[in-house]
Structures are given as structure tokens and as C-alpha cells.
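2 protein chains.
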Amino acid sequence: MRISKLFSKTSKNWPAGEEATNAKLLIKAGYIRKSSAGVYSYLPLGWRVLNKINDIIREEMNSIGAQELLMPTLVAKDYWAKTDRWEVDIAFKTKLPETSHQSTEFGLGWTHEEVVTDLATDFISSYQDLPTAVYQIQNKFRAEARAKNGLLRGREFLMKDLYSFHANKEDLDNYYQTVIEAYKKILQRLDLNAKVVEAAGGAFTKEYTHEFQVLDPSGEDDVFYCDKCDFAQNKEIAKVGIGDKCPACGGEIKESSGIEVANVFKLGTRFSDAFNLKFKDKDGSEQAVLMGSYGIGPSRLMGTLVEAYNDERGIIWPESVSPYKVHLVSLAGDNNMVAKSAEKIYTNLDKSGVEVLFDDRDISAGHKLADADLLGLTWRAVVSEKTGNKIELKQRSKPEIKLVSYEEVAKLVK
Amino acid sequence: MRISKLFSKTSKNWPAGEEATNAKLLIKAGYIRKSSAGVYSYLPLGWRVLNKINDIIREEMNSIGAQELLMPTLVAKDYWAKTDRWEVDIAFKTKLPETSHQSTEFGLGWTHEEVVTDLATDFISSYQDLPTAVYQIQNKFRAEARAKNGLLRGREFLMKDLYSFHANKEDLDNYYQTVIEAYKKILQRLDLNAKVVEAAGGAFTKEYTHEFQVLDPSGEDDVFYCDKCDFAQNKEIAKVGIGDKCPACGGEIKESSGIEVANVFKLGTRFSDAFNLKFKDKDGSEQAVLMGSYGIGPSRLMGTLVEAYNDERGIIWPESVSPYKVHLVSLAGDNNMVAKSAEKIYTNLDKSGVEVLFDDRDISAGHKLADADLLGLTWRAVVSEKTGNKIELKQRSKPEIKLVSYEEVAKLVK
Numbered sequence: 003m004r005i006s007k008l009f010s011k012t013s014k015n016w017p018a019g020e021e022a023t024n025a026k027l028l029i030k031a032g033y034i035r036k037s038s039a040g041v042y043s044y045l046p047l048g049w050r051v052l053n054k055i056n057d058i059i060r061e062e063m064n065s066i067g068a069q070e071l072l073m074p075t076l077v078a079k080d081y082w083a084k085t086d087r088w089e090v091d092i093a094f095k096t097k098l099p100e101t102s103h104q105s106t107e108f109g110l111g112w113t114h115e116e117v118v119t120d121l122a123t124d125f126i127s128s129y130q131d132l133p134t135a136v137y138q139i140q141n142k143f144r145a146e147a148r149a150k151n152g153l154l155r156g157r158e159f160l161m162k163d164l165y166s167f168h169a170n171k172e173d174l175d176n177y178y179q180t181v182i183e184a185y186k187k188i189l190q191r192l193d194l195n196a197k198v199v200e201a202a203g204g205a206f207t208k209e210y211t212h213e214f215q216v217l218d219p220s221g222e223d224d225v226f227y228c229d230k231c232d233f234a235q236n237k238e239i240a241k242v243g244i245g246d247k248c249p250a251c252g253g254e255i256k257e258s259s260g261i262e263v264a265n266v267f268k269l270g271t272r273f274s275d276a277f278n279l280k281f282k283d284k285d286g287s288e289q290a291v292l293m294g295s296y297g298i299g300p301s302r303l304m305g306t307l308v309e310a311y312n313d314e315r316g317i318i319w320p321e322s323v324s325p326y327k328v329h330l331v332s333l334a335g336d337n338n339m340v341a342k343s344a345e346k347i348y349t350n351l352d353k354s355g356v357e358v359l360f361d362d363r364d365i366s367a368g369h370k371l372a373d374a375d376l377l378g379l380t381w382r383a384v385v386s387e388k389t390g391n392k393i394e395l396k397q398r399s400k401p402e403i404k405l406v407s408y409e410e411v412a413k414l415v416k
Numbered sequence: 003m004r005i006s007k008l009f010s011k012t013s014k015n016w017p018a019g020e021e022a023t024n025a026k027l028l029i030k031a032g033y034i035r036k037s038s039a040g041v042y043s044y045l046p047l048g049w050r051v052l053n054k055i056n057d058i059i060r061e062e063m064n065s066i067g068a069q070e071l072l073m074p075t076l077v078a079k080d081y082w083a084k085t086d087r088w089e090v091d092i093a094f095k096t097k098l099p100e101t102s103h104q105s106t107e108f109g110l111g112w113t114h115e116e117v118v119t120d121l122a123t124d125f126i127s128s129y130q131d132l133p134t135a136v137y138q139i140q141n142k143f144r145a146e147a148r149a150k151n152g153l154l155r156g157r158e159f160l161m162k163d164l165y166s167f168h169a170n171k172e173d174l175d176n177y178y179q180t181v182i183e184a185y186k187k188i189l190q191r192l193d194l195n196a197k198v199v200e201a202a203g204g205a206f207t208k209e210y211t212h213e214f215q216v217l218d219p220s221g222e223d224d225v226f227y228c229d230k231c232d233f234a235q236n237k238e239i240a241k242v243g244i245g246d247k248c249p250a251c252g253g254e255i256k257e258s259s260g261i262e263v264a265n266v267f268k269l270g271t272r273f274s275d276a277f278n279l280k281f282k283d284k285d286g287s288e289q290a291v292l293m294g295s296y297g298i299g300p301s302r303l304m305g306t307l308v309e310a311y312n313d314e315r316g317i318i319w320p321e322s323v324s325p326y327k328v329h330l331v332s333l334a335g336d337n338n339m340v341a342k343s344a345e346k347i348y349t350n351l352d353k354s355g356v357e358v359l360f361d362d363r364d365i366s367a368g369h370k371l372a373d374a375d376l377l378g379l380t381w382r383a384v385v386s387e388k389t390g391n392k393i394e395l396k397q398r399s400k401p402e403i404k405l406v407s408y409e410e411v412a413k414l415v416k
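Protein chains in written order, with my numbering: chain G, 3 to 416; chain A, 3 to 416.
Treat the hints as calculated values from the structure; they're not laboratory data.
Note that the structure is predicted; figures quoted are calculated from it, not measured.
Incorrect hints may appear among the rest.
[What the hints assert, rightly or not] Incomplete in silico selection of chain A near chain G, CB under 8 Å:
#1 Phe9
#2 Ser37
#3 Tyr42
#4 Glu70
#5 Leu76
#6 Phe94
#7 Thr96
#8 Phe125
Even for Gly, the Cβ is constructed at its ideal location relative to N, Cα and C.
Take the sequences, apply the hints, and build the full model.
Shown next, in the form of C-alpha cells:
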């Protein structure tokens with residue numbers, strides 16, 4: 003992709019009315035644009051990052067046997083009424099206009115337990131249909147009173163929600179653990195270091211649930227964690243405090259803000275009871291299906307990555323989500339030979355399947371290099387009079403610059 | 003994919019409360035499920051079909067230089083107010099709850115001219131920024147009073163909307179024609195035969211606009227067309243009637259119902275005027291940007307394909323959108339050798355990258371073959387005692403059955 007043709011542009015100024023680092027950097031660099039508080043458009047570069055996150059999530063969900071589908075945003079009032087969730091105050095509500103002589107009211111989906119449970123009644127009737135699991139990646143809507151943290155708390159945001167169905171508690175417990183491992187893999191592939199934190203069961207279960215918290219000052223949660231082992235609890239339920247001994251290993255308890263990027267719930271039979279989702283066991287007896295619900299937020303992950311990986315010059319994307327692998331900068335100036343050489347390198351890298359963003363603009367070297375740092379692609383390749391037949395290659399996250407041949411670039415960044 | 007593991011199932015019965023062929027067949031076969039009138043879930047098989055349609059659209063959009071992005075569903079009232087579209091009666095509206103002490107009202111996006119025009123003001127300021135074009139594939143919402151035609155008229159439906167920006171009328175006219183050609187290619191790749199039909203300009207333009215109409219009895223539009231040349235007009239604007247002479251070639255005018263699967267509009271400066279989207283021309287003068295808007299409906303296309311391609315036994319998917327290429331049926335019965343052979347064929351086809359749906363269920367041959375016809379995958383491969391080392395290969399759309407080797411299957415369906 004040529005920057006001269008790119009729909010978005012970097013901005014000289016910081017965006018007005020944004021407090022969060024993720025929003026400020028993503029808007030300045032042209033990844034996203036604010037539509038209203040907590041509601042953003044994903045511009046072409048931002049859409050690429052988001053899709054790379056989505057694809058990593060898809061791969062890990064498919065590998066644990068979950069099947070992708072898509073449920074609707076418009077969820078009729080009847081669904082929510084069955085589980086007493088219609089009056090939940092963070093739901094956006096809408097209805098058909100008066101003129102239609104219908105009174106159908108809808109809540110905009112902010113989780114889909116009701117829809118998926120009702121759906122499953124068509125397909126689950128025997129123990130032989132279990133276990134099974136489905137997921138979707140979909141826009142969700144929450145009427146948050148406060149939406150000032152960029153992609154970390156949106157009124158409209160992307161979510162991957164997974165629902166699993168089981169014949170017995172042991173099977174649910176096993177799958178719950180399988181999903182935790184899959185979420186760990188996703189976060190590892192995104193270079194995010196998250197704690198698996200015990201949290202309150204809330205309305206769904208009396209057992210603890212688990213949250214995946216990335217420890218970062220921008221987080222809205224408070225986490226107590228052990229500095230030696232995996233013990234970690236959300237402040238809301240924690241029975242330990244700073245400096246206490248870890249109840250698991252005797253290490254020291256620390257406190258940090260955390261960004262909740264994922265969570266996992268054992269739903270038990272709450273939803274299957276409400277929607278009469280039953281199965282016949284081997285002995286012919288009818289039983290309620292046990293369910294689990296598991297969420298991870300691609301757009302919140304995008305914001306979290308920016309909070310975790312940035313410096314005073316801009317964003318530093320991990321390679322797995324860099325919108326393009328290489329930011330190729332032509333510092334040709336008036337030198338036609340250099341310009342031609344840069345064009346050739348761009349064409350060749352592109353042909354050999356390397357994702358390249360090519361800064362072919364007629365602007366100053368300083369402006370180009372500043373934009374490369376702001377955009378934060380993993381590799382920067384500079385071609386200039388100085389570099390001769392070679393290319394100056396640098397990782398955004400490291401200070402070292404190497405002079406390498408075209409072949410080495412193609413090899414290193416693939 | 004093994005049918006024994008598939009989340010959805012075919013149903014013995016026709017769904018209640020559906021009149022349209024597309025909804026009846028898609029629900030019976032387990033591609034979609036109704037959530038409420040005009041609102042459907044896409045089950046794993048249906049989601050695969052929809053994504054194949056989306057990917058074809060993406061390829062053709064990218065090939066005409068359009069860049070993909072994603073705009074929000076929640077479009078604040080301010081946007082619609084600027085173009086006097088807030089009072090449009092088919093929009094779903096929602097707002098933040100009273101408790102939030104904010105009065106932000108939103109319309110759920112049903113087209114995004116306002117959002118994209120406002121967005122473009124950040125990035126278009128000079129003739130050098132033009133032309134440019136962006137598109138998205140996104141759920142849209144329309145509070146249709148009547149929603150009884152399955153995927154042909156949804157309250158929630160998928161749409162690809164493309165917006166283009168130009169410095170002058172000639173450039174807009176050229177791109178308009180480029181998009182028409184791209185839409186023709188998309189429809190060709192979907193094996194859909196559509197007329198490009200002149201229609202009223204509506205609120206946006208005094209020129210004719212163009213609709214892509216698939217002639218089919220299930221369509222809600224009326225089209226007059228020439229039986230010899232490309233002349234076609236929507237009844238709403240037509241100055242010809244059945245049996246008249248074609249004003250273009252003298253052929254005979256016929257009438258048919260049509261399903262509108264796409265449309266293209268020249269917006270002129272209506273939206274750029276409202277959002278003050280201007281550019282500096284080469285001579286330094288400031289001018290309003292000219293815009294075009296182009297829509298094609300992936301979910302409506304899915305419904306249209308079923309209307310166009312079905313018989314009394316079920317759906318007949320064109321190969322480009324068949325959810326899997328091959329429906330492999332094992333008629334092993336008690337014969338372990340046949341069962342093993344079918345398993346091996348499944349594994350080998352899967353490994354060699356052929357998309358296979360494998361009916362490994364322990365049910366009758368009649369049930370399996372009926373399901374294969376209902377699901378309508380392009381190729382059916384049957385393994386049984388009768389076939390020996392060979393495989394019985396049949397296209398869903400043709401009566402001929404061939405006995406072929408495994409190698410021939412892998413070659414034919416790739």
C-alpha cells in the first residue's frame with residue numbers, strides 16, 4: 003500500500019477531547035476516528051490491526067472445536083424478559099416506529115446468552131449432541147454512562163463471545179479450563195502479559211469466575227496479585243491486601259490497576275432453565291444442559307496493546323498485529339536513482355507476499371521518519387543516497403540499525 | 003467438518019410462520035434461524051456461505067482501489083439532523099438511559115453517507131487527495147413495517163456500502179461506471195443474472211440511478227426490460243409498457259418481478275455541502291467534493307441465490323459459495339471396510355485442502371442422501387459397498403453420476 007493513496011492521514015495535532023493514551027495515539031496516527039463518545043470508526047489501517055487480532059482469536063477458537071456463527075444485534079424484549087435482564091440499565095433499547103402498528107421492542111445485544119440458548123433448543127436434545135460450542139465476533143452495545151477511556155470502554159465495541167454446552171459438571175469444568183488455556187495462547191500471540199484473576203460470580207454463578215487482567219495504570223480494575231506465583235484476585239473479592247503473605251505460596255501480595263481483556267463464566271443451568279434447554283441422558287432421563295460463557299474483546303485488546311506498547315514518539319505494534327510488516331521509507335529527494343530503487347524494492351517485496359506500507363510521498367525526511375515512529379509498524383526499511391544498494395533496516399522496538407541487502411529484508415520480515 | 007459434530011441439524015419439518023422459499027429452505031437445512039420477524043442468526047453453515055459472498059465482494063472492491071474500513075452502528079442524532087434524515091420513518095432509534103444525565107440520541111445506521119462525509123473532512127483538503135473510495139461490510143438496520151420475505155427484506159441485514167470522492171463530474175461519472183462493472187463481476191461470480199435497471203434518483207440526485215435486479219417471481223420490484231438489448235427500467239419511472247417497442251433497439255418490452263440486489267447513486271454535493279467537505283483545486287479555488295454511494299447486500303444475495311437455485315429436494319448452491327465443496331456420504335452400514343475407506347477419503351481430501359462436509363452419522367442411506375440434496379453442496383461423493391474402490395461423484399445441479407477414483411475427485415473439485 004502506498005501512503006500517497008491511503009485514505010487516512012497522520013495528524014500534526016493531538017485530538018481534542020480525548021484523555022486516554024490509546025485514543026490519542028490511534029487517532030493522531032489515523033487508525034481510528036471518534037464518531038461520538040465511546041463510538042469509533044476503524045480506518046483502513048485500524049481495520050487491518052483489528053482483523054489480525056480477530057484472526058488470531060478465530061484460529062484458537064477453531065482449534066478447541068468451537069464453530070463460528072453470527073447472532074443478531076436486535077434482540078427482542080421477549081428474550082430478555084425470560085431471564086429478567088430487560089431492566090438492566092446498561093442496555094440500549096429501540097423499537098419499531100408507531101406507524102408500523104407493531105410494538106416489538108428490542109435491546110441491542112450486549113451478550114447473547116438468551117439468543118444462543120434459545121437457538122440451541124433446535125439442535126440439542128440428546129447426550130449425543132453434547133458437548134458443543136459456538137462463538138461469534140460481533141459489535142456489542144452498552145449504554146455506559148461514562149465512556150472516556152478510548153477503546154478500553156466503548157458504547158459500541160467488538161467482542162468475541164463463546165458459549166459451550168455440556169452434559170455434566172465435569173465436562174463443563176474441563177472445557178472451562180480448555181478455554182482458559184486458549185485465551186492464554188491468544189494473549190501470548192499478542193505479546194500481552196495477563197494475570198488470570200479470580201473474580202465474583204455475579205448473577206450467573208456462586209463459584210468464582212476468572213478475568214484476564216493486563217496490569218497497566220490505564221486499567222479501571224484493581225488487582226491484588228502475588229509476586230511469586232499465579233495467585234491473583236480482583237479487589238472486589240480479595241481477602242488479602244498489599245504486603246500480605248500470598249495464601250498459596252507465601253510470596254508478597256502487590257496491587258495494580260488492570261485492564262480486563264477477557265472473562266470466563268460457568269453459567270450452570272441459569273439460561274437452560276429459562277429457555278427449557280434439556281437433553282436425554284444415556285439412561286433416558288431428561289436433564290438441563292450446563293453452559294459456559296466466555297468473552298474476549300478484540301477492540302479493547304487493540305486499545306490495550308497501544309497502552310502497553312508506546313513511547314514518546316508513537317505506537318510500537320507487536321509483529322502479530324502490525325497493520326503491515328514493513329514501513330518502507332523512500333528518502334530519494336531529487337535523486338531519481340534512489341526513487342527508482344525504492345519503487346523496485348516496494349514492488350518486489352509486495353510480489354513476494356511481504357506486507358509493505360510504502361511512504362512514496364514528496365515530503366521531508368523528518369516528516370516521513372516521524373510518521374513511521376507514530377504509526378509503529380514492526381519493521382522500518384529506509385532507502386536513501388546514503389544506503390547505496392543496501393537498505394537500512396530497524397525494528398520499531400529496538401535502537402539498532404542494520405545495513406542489509408534486499409534479500410535479507412525479504413527473509414527477516416517474512 | 004463431520005456432520006456428527008456440526009452444531010446445526012436439518013429439520014424434518016418446514017419452519018412455521020415463513021412464507022418465502024429462501025427462508026423456508028435455509029431454516030429447514032440449518033443455515034439460518036429466525037430470531038424475530040426480519041431478524042436471523044447465521045448458523046455455522048450459513049455463516050460460511052455469507053463469508054464466501056463477502057470475500058468475493060471484497061476482492062472486487064479492492065481491485066477497483068477501494069479501501070475497507072468499519073464505521074459505527076450508533077450514529078448520533080447530530081449527523082442525521084444535518085441532512086434532515088432524522089425523521090426518516092424506517093430508522094431504528096435509541097438513546098442513553100435517563101440515569102446517565104446525557105441526552106445523546108442515536109439512529110442505528112442504515113446507510114453511512116453522513117458518517118463517511120464527516121470522516122473524510124479530516125483527510126481530504128486538496129485535489130491531490132482525490133479521487134478516493136472506502137467501503138465497509140456491516141450490519142444495517144431498518145425498521146421495516148413488513149418483513150416477510152426471509153433474507154430478501156430484513157430489519158437487520160448485511161450490507162457492503164462503498165463511498166467515493168471526486169474532484170469533478172467526469173471523474174465521478176467514470177468511477178460510477180467502474181463500480182457498475184465491478185458489481186457485474188461480483189454477480190457473475192455468484193452465477194446471478196442481473197439486469198442493470200434505470201431507476202428514480204430519489205432525494206439524492208436528479209439523474210437516473212441504477213439498480214441491479216435479478217428477475218425472479220419472489221422480487222418486490224417491477225421491471226420493464228427489452229428482450230433483445232440491455233434496456234431496462236424500474237416500473238416507477240418507466241415510460242414503456244408490456245409489448246411496446248424498445249426505445250433503444252426496437253425489440254419487445256417485457257415485464258418481470260425483480261429482486262434489487264445492488265444499487266448505485268451519484269450523490270453530487272448533497273452530503274459534502276452539509277458537512278462542509280471541500281478541497282483546494284490546482285488553481286487554489288475551494289470547491290465541494292463530489293460523491294458517489296454504492297450498495298450491495300450480501301445477506302440479500304444469499305436469499306436471492308436460494309430463490310434462483312433450488313428444486314423440490316432443496317438448495318443448489320453455485321460452486322463459488324457452496325459452504326463446503328464436497329458433501330461426502332458414507333453408506334457403510336455394517337461394513338467396516340467401507341467405513342474405514344470413507345474415513346480415509348475424508349482425511350485425505352481435508353489434508354489436500356478440499357473443503358469437505360463428511361456425513362459420518364449412523365442413520366439410513368435415504369436420510370443421508372435427502373440431507374445432501376437439502377443442503378445443496380455443489381458436489382456429492384458417495385462411498386458404499388457397491389462403489390468398491392471407486393467413489394460415486396455427482397453434481398447437485400446435474401443428474402449424471404460418475405464412478406471415479408479418489409485422485410479424480412481431488413482434481414475435479416479443486
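- [ ] Double-check Glu70 of chain A for me: the hint is only fine if its C-beta lies closer than 8 Å to a C-beta in chain G.
- [x] This hint holds: Glu70 of chain A lies near chain G, its Cβ roughly 6 Å from the closest one there, short of 8 Å.
Task: Given hint Leu76 of chain A near chain G, where the shortest CB pair must fall under 8 Å - done: Constraint on Leu76 of chain A satisfied, holds at 5 Å.
Task: Thr96 of chain A as an interface hint toward chain G, with CB separation required under 8 Å - done: With a minimum Cβ separation of about 4 Å from chain G (threshold 8 Å), the hint on Thr96 of chain A holds.
Task: Phe125 of chain A as an interface hint toward chain G, with CB separation required under 8 Å - done: holds (5 Å)
Open item on the list: Is the interface hint satisfied for Phe94 of chain A? The criterion is a beta-carbon contact with chain G at less than 8 Å.
Closed with: Because about 5 Å separates Phe94 of chain A from the closest Cβ in chain G, which is inside the 8 Å limit, the hint holds.
Open item on the list: Is the interface hint satisfied for Tyr42 of chain A? The criterion is a beta-carbon contact with chain G at less than 8 Å.
Closed with: holds (7 Å)
Task: Restraint outcome when Ser37 of chain A is required to lie within 8 Å of chain G by C-beta distance - done: Status holds, d = 5 Å.
TODO: For the hint on Phe9 of chain A, just tell me whether its beta-carbon gets within less than 8 Å of chain G.
DONE: holds (5 Å)
No hint from the list above goes unmet by this structure.
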